[in-house]
Amino acid sequence: MSQTLRRGPVSGTAVGRGAKRKPFLLDFYSTAVGKKYVMAITGIIGIGFVVSHMIGNLKVYIGTVTEGGQEVYDIDVYGEFLRDLLVPILPRTVFLWLLRGVLIGAVLLHIHAAYGLTVMNRKARPVKYQSARDYEVANFASRTMRWTGIIVALFIIWHLADLTWGWANPDFVRGEVYRNLDASLSRIPVAILYVVANIALGIHLFHGTWSLFQSMGWNNPKFNQWRKGAAAGVATLVVVGNCSFPIMVQAGVIEFDPTVTSVHELHEEAAE
Amino acid sequence: MSDKLTYITLKIWRQGGPDTPGQFEHHVIEEISEEASFLEMLDILNEQLIEAGKEAIVFDHDCREGICGTCSLMIDGKAHGPEKGTATCQLHMRKFSSGDTITVEPWRASAFPIIKDLMVDRAPLDRIVESGGFISAETGGAPDANLIPIPKPVADAAMDAAECIGCGACVAACPNGAANLFTGAKVTHLNLLPQGQAERYQRVEAMVETMDEYFGSCTNHGECEAACPKSISIDVIAVMNADYLKSKFKNRKKLSRT
Ligand code: HEM
Ligand code: SF4
Ligand code: FES
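Residue numbers (the numbering used here), protein chains in the order written: chain A, 1 to 272; chain B, 1 to 258.
Bear in mind the hints are in silico, worked out from the structure with no lab data behind them.
Don't take each hint at face value.
Said to hold, decoys possible - Capping the alpha-carbon separation at 27 Å, the derived lysine-lysine pairs in DSS-like fashion look like this:
1) 128/A to 4/B
2) 4/B to 116/B
3) 84/B to 128/A
4) 228/A to 246/B
5) 228/A to 84/B
6) 4/B to 22/A
7) 248/B to 22/A
8) 95/B to 20/A
9) 248/B to 20/A
10) 4/B to 152/B
As the list claims (entries may be wrong) - Stretch by stretch, here's where chain A covers chain B in the computed footprint (C-beta under 8 Å, at least three residues):
11) 94 to 108
12) 212 to 220
13) 234 to 245
Stated by the list, open to error - If you anchor each label on the Cβ, the simulated ranges turn out as follows:
14) 4/B to 123/A: 26 to 32 Å
15) 188/A to 123/B: 28 to 34 Å
16) 132/A to 121/B: 57 to 63 Å
Don't be surprised by glycine CBs; every beta carbon is placed ideally from N, CA and C.
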């Protein structure tokens, strides 16, 4: 492939600016630096979700609690609580859907920016080095962001089909979180899938969390030495927390007991 | 008496022009002083080639003292070779051993087309500087030195960034072919100093956008910092990013005029 030199307009000299600018946000997003801000901000939203999701799921280890005189699974109650967020200011599930909207938007923007930047980077070096490169600091995590990202994206779709919609889970009962979790993760291939996907997520976050500080311009001698450590901490937290669920289901620590009252029954009784 | 290295095999990229296909060529240096610089070793090879009636290898060089940024070369997969914080012209043969095979390639990036053999055109770096890497002082005599007080740490930080010699090793080393270290260095150098404040946000906006026309994007691998002959820190990239965001807020009205 031939290499050609393209001389674009010289934009900042006394000659003045050429083309009219796009609206503010689009203008910002049109450059690589702007796209990296978007990746970093949507990445932070993603980290916020993943960490709170993991902490919320730790409720499976609480097991059952007594509610209205009945024994119910704590995590099922938590699921109801999420649907009831900000009731009665907003109708039931409305706030939850707003949160979901933000997450969906963030994931789509993150992927759009990643795609745009990847295309740009491919174009920047059409002819590869013909001898082996000897990388000094680029690590496995930083060089596999696209692959770990794609694994995470596919896993998100599977995860929704499995535990949100229930399509991939034959024993699915809507709203019974503990039962569904046990039913799904008792299948050995599914348990392995969860572990593998979460390790990919951990690798993605190990580079991503460090990288976002630079992309956001957060560079200060006061905290620079903590940035790599923070990245390792976030990645470890997410991997250990999330991988514990499939492992503990397989180990029999998380085991659904059909005699426990379901949240639906509890609510029906409360309504009577 | 200086020691000698013997039997160095060089695997060197030869290419007739920008659009002709290239290939590696093998040459053997029977004996070379370990005090020879890498470029002197290439000079000696070229003399051998010319004596044998062959065409000399084209490579870029000028000051040969690590200050002009003209020398380049990807040596054994590392920009400017194995020695940290060193330009190719300051790399000496004592860093290699007898019997080594050394692979030499030109910088590779779509913004740096190969002119011939190991020489590339790095003009897009000039395009970036032209778009904002200056301070306008269009009238009056030269002001006295030290007229504007600058705190020592600020002067030092600006000086660290100003060390950039514009060699393009950062682009060559970057897996994405990004020029963020170069542009970040040029932006940081001027944006830290009082003299640079008037054009601070115009500068960063114009330079980042010019950079976008030629280069890839930064994914924070950090290879640029490791390759830079002046060991410029990727801190300058964060400074550039922060100022770029501010430029979009602070200067919006003024800059959006056509
Ligand atoms: C959905 C599929 C995903 C894809 C395809 C994807 C892809 C990428 C890519 C290509 C990068 C750029 C790396 C770079 O330029 O340095 C990146 C960065 C990042 N990703 Fe993802 N990712 C995905 C999901 C996620 C998720 C779910 C999270 C959060 C939990 C996340 C967090 C981050 C962070 C924090 C960064 C760093 C931003 C920066 O470099 O400033 N990503 N991602
Ligand atoms: S930042 Fe370093 S590697 Fe990049 S052009 Fe300047 S001196 Fe060369
Ligand atoms: S020849 Fe001038 S820096 Fe190497």
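Outcome of the hint check:
Among the hinted pairs, residue 128/A with residue 4/B is inconsistent with the structure: their alpha-carbon atoms are about 35 Å apart, more than 27 Å. Under the criterion of a C-alpha separation no larger than 27 Å, the hint pairing residue 4/B with residue 116/B is inconsistent with the structure, at around 31 Å. Note on residue 84/B and residue 128/A: the hinted pairing holds, with a Cα-Cα distance of about 23 Å set against a maximum of 27 Å. A distance of roughly 26 Å separates the Cα atoms of residue 228/A and residue 246/B; the hinted pair therefore holds under the 27 Å criterion.
Using a Cα cut-off of 27 Å, the hinted pair residue 228/A and residue 84/B holds, with the two alpha carbons roughly 22 Å apart. Proposed proximity of residue 4/B and residue 22/A is contradicted: the alpha carbons are some 63 Å apart, above 27 Å. Between residue 248/B and residue 22/A the CA atoms are separated by roughly 12 Å; this keeps the pair inside 27 Å, and the hint holds. A distance of roughly 53 Å separates the Cα atoms of residue 95/B and residue 20/A; the hinted pair therefore is violated under the 27 Å criterion.
The straight-line distance between the Cα atoms of residue 248/B and residue 20/A is roughly 15 Å, inside the 27 Å bound, and the hint therefore holds. The suggested pairing of residue 4/B with residue 152/B is violated, with an alpha-carbon distance near 45 Å, which exceeds 27 Å. With 3 residues having a beta carbon nearer than 8 Å to a beta carbon of chain A, the stretch 94 to 108 of chain B meets the requirement of three or more and the stated coverage holds. Check on the stretch 212 to 220 of chain B: 9 of its residues sit with their Cβ under 8 Å from a Cβ of chain A, so the three-residue criterion for coverage holds.
Counting residues of the stretch 234 to 245 of chain B whose CB lies closer than 8 Å to any CB of chain A gives 11, which reaches the minimum of 3, so the coverage claim holds. In this structure the supplied range 26 to 32 Å is violated for residue 4/B paired with residue 123/A, their Cβ-Cβ distance being about 46 Å. At about 59 Å, the beta-carbon gap between residue 188/A and residue 123/B misses the expected band of 28 to 34 Å. Against the hinted window of 57 to 63 Å, the Cβ-Cβ separation of residue 132/A and residue 121/B comes to about 25 Å, which falls outside the hint.
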